[in-house]
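Undergrad: Listed below, chain by chain, are the residues.
2 protein chains.
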Amino acid sequence: MLTDSRSLPYDPSALRALIRKGQWTGPTAGLASGRVQANVVVLPQEQAFDFLLFCQRNPKPCPLLEVLEPGRTEAALSARGSDIRTDVPRYRVYRSGVLTGEREDLREIWRPDLVTFLIGCSFSFEAALLVAGIPLRHIDQGKNVSMYVTSISTVPVGQFAGPIVVSMRPIPQSMVVRAVQVTSRYPGVHGAPLHIGSPQAIGIHDLARPDYGDPIEVKEGETPVFWACGVTPQAVAVQSKPPLMITHSPGHMFITDLRDEDMAVI
Amino acid sequence: MLTDSRSLPYDPSALRALIRKGQWTGPTAGLASGRVQANVVVLPQEQAFDFLLFCQRNPKPCPLLEVLEPGRTEAALSARGSDIRTDVPRYRVYRSGVLTGEREDLREIWRPDLVTFLIGCSFSFEAALLVAGIPLRHIDQGKNVSMYVTSISTVPVGQFAGPIVVSMRPIPQSMVVRAVQVTSRYPGVHGAPLHIGSPQAIGIHDLARPDYGDPIEVKEGETPVFWACGVTPQAVAVQSKPPLMITHSPGHMFITDLRDEDMAVI
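Chains A and B, in that order, give the protein sequences. My numbering numbers the first residue of the first sequence as -18 and each following residue consecutively. My numbering numbers the first residue of the second sequence as -18 and each following residue consecutively.
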């Protein structure tokens, strides 16, 4: 068991192999720098068409990186040689919408009817913001980004419905336009902001009390900027109470071979 | 029955109403200027998950505008009040991969298990190219664009597999960069070119003999530029020989309420 992330390899395939052997069970932020990390949602085939359509209708909160056919365990397009049952450091298992436990390996509970959805995560566009010289306070402070349930609805499909969850980053006012431009290049990892400014306008009443993550201060001269968040599809799926649903544990993502820059449309 | 397209309304909803009554059965190029027109593929639910996943994996040839749940006939998100059984001027019906006929109305053969896929079409990005001052010879000459089967494979899903079909437009060499920039803004309607220059490099041996559409001359000082084409998903679906498949008839598209500009990511 390794405990210091500085001793981990940069190569995403080597990193997945270590995770597979149970040698890394911690969070993945900062690992395999420059590679795309993915939110994971696993559902039975029975729910898969509706959930796939839900993601298609809600590309900002649910940007699909790859979907594996029923029973498939290798993300052949985004992470060659991977095994989705073992290559995430920590999983969460929900039954009928209730979290029943965490585990580090899915092999014992895997079924041939399970469909895996890999969904883009904000780590990629945050790297692009940092490269553009836009500071990100939650990273500077080693905290989780603030996340809020909004009054904006997703476009529903069957049982899948609910509000969009957003993440908030305080951006210096002179850099807000640049932040829109930089993240617009990456629609596959949430893309342009959903909202700029007034939290009330999207149903957020107290920035200091996020629904998920840590409170992050917005200082004088900064504007709160809100991006659609990958927590949305998980929250929506759990609310629909599927018989079985497996996700990554927060912060413990699936590391792909894709480069952040592969996600840029222009 | 109307025969002169100049007498048709600009409003997409009014136009669909005329088509629904059988008063316009002709091609839709140039109609409802500025609105997005869609390729139509209708498949039984049995094939729908795989085809939806096929489109997700192949967004350049198969950019999804909207997918209707099984049995749904209104494209509620892109064309409020529409009826997919009546609002396309002319349909093609395939059974086990064989074209069995054309019809102007699907009400008699509609089934509750049919899933409708609306797929972006190049009319939208062509409008953007023209606005940018980039000439399009097939439009100047009143012809169909040249289309070719390439040696580039789509990413397969189950029974859905096959080569990408591209459309070709001769672009003056000084405008090729601008053509890339302009169309990059529209990933929802095929987006940036797939290839620039040498036809041989993508398996096209004779530009003068397109697989679909009309031959369009490439003149001295021009570069052939190739975009992924919406014929691809139809060709792939037909090859897979589903028991029933319905499409629009070439050039007779479904007219949505969406504006071309709604398709722009930046």
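Warning: the hint list may mix true and false statements.
Since the list gives no way to pick out one identical chain from another, each pair is judged satisfied if it fits inside one copy or across any two copies.
Unchecked claim - Here are the simulated lysine to any residue pairs, SDA-like style, with alpha carbons at most 25 angstroms apart: (1) Lys41 x Val136; (2) Lys41 x Ile247; (3) Lys2 x Ile120; (4) Lys41 x Val246; (5) Lys2 x Pro40; (6) Lys222 x Leu(-11).
Hint data in this document are derived by calculation from the structure and do not stem from the laboratory.
Undergrad: Confirm or reject each hint.
TA: Outcome of the hint check:
Taking CA atoms no more than 25 angstroms apart as the test, lysine 41 paired with valine 136 passes in both settings, with 11 angstroms inside one copy and 23 angstroms between copies. Taking identical chains as interchangeable, the C-alpha atoms of lysine 41 and isoleucine 247 lie at most 25 angstroms apart whether they share a chain (17 angstroms) or sit on different chains (14 angstroms). Taking the shortest Cα distances, lysine 2 and isoleucine 120 never come within 25 angstroms of each other, neither inside one copy (29 angstroms) nor across copies (60 angstroms). Taking the shortest Cα distances, lysine 41 and valine 246 sit within 25 angstroms of each other both inside one copy (14 angstroms) and across copies (11 angstroms).
For a Cα distance limit of 25 angstroms, the shortest separation of lysine 2 from proline 40 qualifies neither inside one copy, at 34 angstroms, nor across copies, at 35 angstroms. For a Cα distance limit of 25 angstroms, the shortest separation of lysine 222 from leucine -11 qualifies neither inside one copy, at 37 angstroms, nor across copies, at 49 angstroms.
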